[in-house]
Each structure stands twice: as structure tokens, then as C-alpha cells.
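Novice: Chains S and G, in that order, are what the protein sequence lines are. Using the working numbering, you'd call the opening residue of the first sequence number 1 and step up by one each time. Using the working numbering, you'd call the opening residue of the second sequence number 1 and step up by one each time.
Just so you know, these hints were derived from the structure itself, not from any lab. Any given hint could be a false lead.
Stated by the list, open to error - Coverage of chain S stretches by chain G, computed from C-beta distances (three or more under 8 angstroms per stretch; other residues unrestricted): (1) 37-43; (2) 85-96; (3) 110-120.
The C-beta atom is built at its ideal place from N, Cα and C for all residues, glycine as well.
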Amino acid sequence: MSSSRRERRKADPALSDPERLYVITGDPDGSERAALDLVTMVVSKSQPTPTVQPEQAVILRLCQAPLSVAEISAYLSLPFSVVTSLLTELLATELIESRAPIVRATLPDRSLLEAVMHGLQKL
Amino acid sequence: MDFRNSDTITGPRSEDVLPTTATAAVKVVIVGGFGVGKTTMVGSVSEIRPLTTEETMTQAGVGVDDNFGVESKTATTVAMDFGRISISEELILYLFGTPGQERFWFLWNGLFEGALGAVVLIDTRRLEVSFDVIGRLEERGVPFVVAVNTFPDAPNHPVEALRSALDLPDEVPMIDCDARLRASSRDVLMTLMRYLHRLAVPLG
Numbered sequence: 001m002s003s004s005r006r007e008r009r010k011a012d013p014a015l016s017d018p019e020r021l022y023v024i025t026g027d028p029d030g031s032e033r034a035a036l037d038l039v040t041m042v043v044s045k046s047q048p049t050p051t052v053q054p055e056q057a058v059i060l061r062l063c064q065a066p067l068s069v070a071e072i073s074a075y076l077s078l079p080f081s082v083v084t085s086l087l088t089e090l091l092a093t094e095l096i097e098s099r100a101p102i103v104r105a106t107l108p109d110r111s112l113l114e115a116v117m118h119g120l121q122k123l
Numbered sequence: 001m002d003f004r005n006s007d008t009i010t011g012p013r014s015e016d017v018l019p020t021t022a023t024a025a026v027k028v029v030i031v032g033g034f035g036v037g038k039t040t041m042v043g044s045v046s047e048i049r050p051l052t053t054e055e056t057m058t059q060a061g062v063g064v065d066d067n068f069g070v071e072s073k074t075a076t077t078v079a080m081d082f083g084r085i086s087i088s089e090e091l092i093l094y095l096f097g098t099p100g101q102e103r104f105w106f107l108w109n110g111l112f113e114g115a116l117g118a119v120v121l122i123d124t125r126r127l128e129v130s131f132d133v134i135g136r137l138e139e140r141g142v143p144f145v146v147a148v149n150t151f152p153d154a155p156n157h158p159v160e161a162l163r164s165a166l167d168l169p170d171e172v173p174m175i176d177c178d179a180r181l182r183a184s185s186r187d188v189l190m191t192l193m194r195y196l197h198r199l200a201v202p203l204g
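The following block holds chain S by itself, in its conformation from the complex:
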């Protein structure tokens, strides 16, 4: 029984880096991710198909009503970058559609700000 004690492995600097946490792939050609913002709105165009990954099937189910990328990330408990990777495929296969957010670059747009103020006043 003298050899039953666990042998402590020598620290190898090359192994001390954490493994990548997420290995969702399916993007073999390494193409660019779609330009998705935290508040890009996503809507499903289709029911889940047999070929999509489970995570993507969930996205297709959740996005029957519009959801932001941030909300998808929150409900799936997956990091933003992982979600954008999943969404990029769904966009490429036209299973979802997305609407880019209105960003500051499009300002000055006083009518937008007035609409936001009007909405806030109703709170």
C-alpha cells in the first residue's frame, strides 16, 4: 500500500493556464463573427431544426419574441462572446434575424432622445 499515495504532479508552467472554458464550435472556416452588440435585437425566423446545436435550439425557442443578445446570454448563462458565436451561425443559416441597435454614431437625433424622455416620463 505504500504506493497508494497520490503523486503530486510537478507544476508545469505550460499546463497552469486554464483550459478554454467553452468549446462550442461549428465555425470551421474561422469566418468573422457577426457584428452583434449587447443590445442587438434577435428574433427567430424558424422553429429549431434537427441540425442545430442544443444551445441554438434554445435560442430559437426563446427568440420567438424579440430578445437582446444580453438577455439571451443571461437566460442561457453563457458569456457574451459564446452567444455571439452561436448567433452568427444562426444568422448565416437565416434561422434568426437581427436588428442592430441605434448607436450614438447616428446622433444627433433629437427625436430619438425625445422619444426616450417621453417613455421615461411614463415610468
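Since chain S is already given, all that's left is putting chain G on it; use the hints.
Specialist: Chain G only, in chain S's frame:
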């Protein structure tokens, strides 16, 4: 891959489901030091229970994280709480609040770039944690207002002293608030929107 069974992921509550017309979104970022009340503010004005999204920072975070004893750490998770306000049937306002490690917020690509503007939430007891935030917003050209979250035991500084300590330009609005109160947090957002509106008015 540890992914929860898809049947257990329920998504928004039925009352939180957006109408199909909701296709336009804008965002505002609430920034400030740890414990200053960002999540409280998000929660007080949000129509949904605040949600959390996260991102894993790798490599880029090395050397700027000053956590002791974790020198070998090469990935840092940055979580953000966020909430939502339906402005109209079409337009949705998202509010993002971010946690303590200020330097990481700015590594999150796109968080500030697309935002309409930012609210810098400050605690007068720990004013210095806001210096870095304000400097970086100025560098990036993100318009912001300063909201002073009133804590019961915080010293009551005159506004001018606070402005001076923060080296705040005269045109940047500063407002007292109680982040726990919906009306007060809404007033902060209104102050930001009015400021943005002024900025949008052509000069001359």
C-alpha cells in the same frame, strides 16, 4: 460542455415578453465604483428583474488585474447586471451596470462605443474611485452625467466642492439621487437625456 437541459431554460416570464414590434434598442451604461449602487439603480427603474450577462477576458486582462495570489490567472470573468425599460412598442432602453474592477469595463468591446451615454454614479465617501472612470469616459468621448447616490452616513459636500474634486467641466450635469427609488433613478436618466439633447443641438 456543461449546458443545462434545454427544457429547464425558461426565458422571460410571460409578462416580460416583448411585443414583436420591439426591434429598436438603445443602451445606457451606469458606471461607478464597487458598492456604489449601480445594480440598485438598474433594479429600481427596470421593468424586468435585473439579469446578468458576463464575458470572459483573457490575456488582455493580464497585468492590469491586481488581485493578489492569482498571478497565474489568465482569464477574468466580468459580469454586468442589466435591466430594461420599454420606451414604446418599438423602442427599448437597456441599462447596464458594471461591477468593481473598473479597468475591465473598458475592455468590453462595444459596451461604451454604442451607448447613448453614461451615468457615473458616485459615493462621496469614496470619490477617488470615480476619477479613473470619468477620465476614461472623457478619453472615449462618451457623454455622461454624474449622479451622487446619497448614503445616510455620507458627508454632505457642496456641489461645487464635488465638481472641483472631480474636475468636472461646467456643462456636465451633476445630480443628487437615491438609487433605491424609481422616481429618483428615472430623474437621473432624464437628466442624461436632456444633456444629450442639448449636445445634439447644433451650435450657433
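Novice: Each hint: holds or not?
Specialist: Quick rundown of the hints versus the structure:
Residues of the region 37-43 of chain S lying with their CB closer than 8 angstroms to a CB of chain G number 6, which satisfies the three-residue condition for coverage. For the region 85-96 of chain S, the assignment as covered by chain G is violated, since 0 residues bring a beta-carbon within under 8 angstroms of that chain's beta-carbons and 3 are needed. Restraint check on the region 110-120 of chain S versus chain G: 10 residues with Cβ-Cβ distances below 8 angstroms, three needed, restraint holds.
In terms of the numbered hints stated before, the structure departs from hint 2 and from no other.
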